[in-house]
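Student: From first to last, the protein sequence lines are chains D and C.
In terms of my numbering, the first sequence is residues 3 to 289.
In terms of my numbering, the second sequence is residues 3 to 289.
Please note that the accuracy of each hint is not assured.
Which copy? The list can't say, so a pair holds if one copy fits it or any two copies do.
[Stated by the list, open to error] Pairs of lysine-lysine, DSS-like flavour, derived with a Cα cap of 25 Å: (1) K239 / K68; (2) K212 / K179; (3) K38 / K179; (4) K102 / K179.
Hints in this document: simulated from the structure, not taken from any laboratory.
Being a predicted model, the structure only gives us computed values, none of them experimental.
These are the residues of each chain, in order.
Number of protein chains: 2
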Amino acid sequence: MKTELSAFFDRVRPAIEATLDGLLPAESSSPVQIHKAMRYSTLGGGKRIRSSLCVAAFAAYQENWKPILPVAAAVELIHAYSLIHDDLPAMDDDDFRRGKPSCHKQFNEAIAILAGDALLTLAFEVLARSSDFPADRMLEVMSVLGRAAGTRGGMIAGQVLDLEAEGAQITAEQLEKIHRSKTGALIGASVWIGAYLGGAPEGDVERIEKYSDRIGLAFQVIDDILDTRDGKDRDQKKATYPGLHGLEQSQAIAHDLTEDARRAIAPIGKSAGLLVEFCDYLETRTH
Amino acid sequence: MKTELSAFFDRVRPAIEATLDGLLPAESSSPVQIHKAMRYSTLGGGKRIRSSLCVAAFAAYQENWKPILPVAAAVELIHAYSLIHDDLPAMDDDDFRRGKPSCHKQFNEAIAILAGDALLTLAFEVLARSSDFPADRMLEVMSVLGRAAGTRGGMIAGQVLDLEAEGAQITAEQLEKIHRSKTGALIGASVWIGAYLGGAPEGDVERIEKYSDRIGLAFQVIDDILDTRDGKDRDQKKATYPGLHGLEQSQAIAHDLTEDARRAIAPIGKSAGLLVEFCDYLETRTH
Numbered sequence: 003m004k005t006e007l008s009a010f011f012d013r014v015r016p017a018i019e020a021t022l023d024g025l026l027p028a029e030s031s032s033p034v035q036i037h038k039a040m041r042y043s044t045l046g047g048g049k050r051i052r053s054s055l056c057v058a059a060f061a062a063y064q065e066n067w068k069p070i071l072p073v074a075a076a077v078e079l080i081h082a083y084s085l086i087h088d089d090l091p092a093m094d095d096d097d098f099r100r101g102k103p104s105c106h107k108q109f110n111e112a113i114a115i116l117a118g119d120a121l122l123t124l125a126f127e128v129l130a131r132s133s134d135f136p137a138d139r140m141l142e143v144m145s146v147l148g149r150a151a152g153t154r155g156g157m158i159a160g161q162v163l164d165l166e167a168e169g170a171q172i173t174a175e176q177l178e179k180i181h182r183s184k185t186g187a188l189i190g191a192s193v194w195i196g197a198y199l200g201g202a203p204e205g206d207v208e209r210i211e212k213y214s215d216r217i218g219l220a221f222q223v224i225d226d227i228l229d230t231r232d233g234k235d236r237d238q239k240k241a242t243y244p245g246l247h248g249l250e251q252s253q254a255i256a257h258d259l260t261e262d263a264r265r266a267i268a269p270i271g272k273s274a275g276l277l278v279e280f281c282d283y284l285e286t287r288t289h
Numbered sequence: 003m004k005t006e007l008s009a010f011f012d013r014v015r016p017a018i019e020a021t022l023d024g025l026l027p028a029e030s031s032s033p034v035q036i037h038k039a040m041r042y043s044t045l046g047g048g049k050r051i052r053s054s055l056c057v058a059a060f061a062a063y064q065e066n067w068k069p070i071l072p073v074a075a076a077v078e079l080i081h082a083y084s085l086i087h088d089d090l091p092a093m094d095d096d097d098f099r100r101g102k103p104s105c106h107k108q109f110n111e112a113i114a115i116l117a118g119d120a121l122l123t124l125a126f127e128v129l130a131r132s133s134d135f136p137a138d139r140m141l142e143v144m145s146v147l148g149r150a151a152g153t154r155g156g157m158i159a160g161q162v163l164d165l166e167a168e169g170a171q172i173t174a175e176q177l178e179k180i181h182r183s184k185t186g187a188l189i190g191a192s193v194w195i196g197a198y199l200g201g202a203p204e205g206d207v208e209r210i211e212k213y214s215d216r217i218g219l220a221f222q223v224i225d226d227i228l229d230t231r232d233g234k235d236r237d238q239k240k241a242t243y244p245g246l247h248g249l250e251q252s253q254a255i256a257h258d259l260t261e262d263a264r265r266a267i268a269p270i271g272k273s274a275g276l277l278v279e280f281c282d283y284l285e286t287r288t289h
């Protein structure tokens with residue numbers, strides 16, 4: 003049976019795709035190769051979890067969620083840039099991404115580096131050009147996104163810590179920090195931004211903040227669990243929750259996190275229904 | 003004899019340096035290695051031409067130029083990121099930068115890629131946090147900077163075209179396009195942003211736009227001339243103005259550009275004196 007969440011995501015995904023398609027420079031425009039690479043690595047793949055969550059949080063406060071699409075798409079551009087750079091030989095050295103050759107395999111390393119740079123630049127340009135929200139709110143959004151993508155508890159911090167941890171013995175605390183920064187921060191920011199631009203009242207923003215924090219971490223823990231169960235070994239050098247805590251304990255941790263997330267937004271009531279359902283979705287993935 | 007311009011730049015440079023120092027995360031903060039790399043590649047070197055021009059344009063309209071410093075520093079962060087990525091083995095493969103090992107030689111390739119990403123991210127975060135100017139103006143600044151750094155006539159476009167042109171026969175028109183986008187766009191944006199945030203009246207903004215365009219290109223043409231005269235051969239594969247037009251003709255082109263720039267801002271009068279002097283400075287470099 004289709005849940006309300008999956009029906010919602012099924013409507014949002016093509017809208018995100020169309021928005022990205024419109025924001026990315028045409029393949030025919032000069033310099034052709036970089037625009038091809040940007041489109042190759044951004045379009046036609048990916049679950050669009052971050053942008054869909056952003057839209058879902060916005061939709062908790064606004065019936066018409068069209069205005070948030072460029073903002074949600076910008077988050078997706080940042081995610082796409084990070085995947086291109088993560089895949090580079092000097093980083094995780096992955097030849098495949100989303101079932102096709104990674105950007106540097108399909109094009110070359112120089113183009114892959116520049117395509118990542120360009121997607122990150124474009125994300126901020128798109129946000130700066132957005133005129134559907136008050137300018138001061140957009141600045142706040144860009145500041146939050148910059149931090150979530152950056153080196154102080156953000157995505158780049160996570161990638162650095164992750165590279166440093168390869169093959170090393172790390173503590174549970176360190177692993178949580180890696181996951182929180184590498185994946186949690188951007189997912190958390192996506193939800194927060196949606197609620198904030200949707201006009202969530204002050205009290206709700208705090209609730210959403212707590213929710214975002216928990217599901218951001220839960221998402222990566224569950225990804226670890228799935229990778230382990232599927233016997234994916236390409237990341238054997240990487241520290242994971244099942245590797246450190248065992249599979250059962252990892253599931254318990256994921257359960258506690260999603261429970262915590264549910265509780266945090268319970269006072270918001272029916273309008274946050276999709277966000278509650280997302281907790282269910284995360285948990286069912288592990289069963 | 004010290005010109006007014008060099009006296010001004012001598013006062014601005016340490017202020018930019020101090021601003022950058024304050025904006026960059028401390029070396030002691032986690033993850034230590036990335037913060038070390040960011041500071042290594044940003045501080046203690048560079049002529050700070052872009053940021054100084056930004057301050058000079060601002061100073062044409064405001065006596066107190068302190069408020070523009072974080073904005074000017076953000077431009078310098080973007081410039082620093084571009085140098086780190088340009089130096090990577092997959093790109094220009096340069097082992098030295100500003101007289102010391104380039105970032106990937108001093109640290110490693112992964113850290114260099116991430117440090118570049120982090121400086122670009124930080125630049126936009128700094129601009130988003132700036133509260134000295136109206137929010138809508140800051141959004142316009144970020145949009146202009148994003149475009150100047152991006153793939154449609156911006157810095158990344160220039161880098162792609164430059165890589166594509168290596169060893170190839172290119173036309174004068176193509177070379178102008180490379181220089182305009184690779185160097186001209188960001189220099190032009192720096193001047194424009196300074197004048198715009200300084201509150202230049204509409205008519206002046208257009209004059210400054212023309213000026214920025216001309217000196218942006220002139221700067222790179224003159225850089226080419228100096229490199230050729232100094233016998234720098236590390237970029238022999240790269241297309242240059244003297245390589246295509248000869249030394250004398252290149253000087254004539256540079257002269258025409260700076261003359262054009264001077265003429266464009268002549269109606270602004272005395273307050274734009276520093277910007278006029280910058281044209282003199284550029285030209286004297288070639289003599």
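Student: Evaluate each hint against the coordinates.
Tutor: Cross-check of the supplied hints:
Proximity of K239 to K68 under the C-alpha cut-off of 25 Å is found in neither arrangement, the shortest distances being 42 Å within a copy and 49 Å between copies. For the homomeric pair K212 and K179, the shortest alpha-carbon distance inside one copy (16 Å) is at most 25 Å, but the shortest distance between copies (49 Å) is not. Taking the shortest alpha-carbon separations for K38 and K179, only the inter-copy value of 20 Å comes in at or below 25 Å, while the best intra-copy value is 35 Å. Within a single copy, K102 and K179 get their C-alpha atoms no closer than 30 Å, and across copies no closer than 34 Å, so neither meets the 25 Å cut-off.
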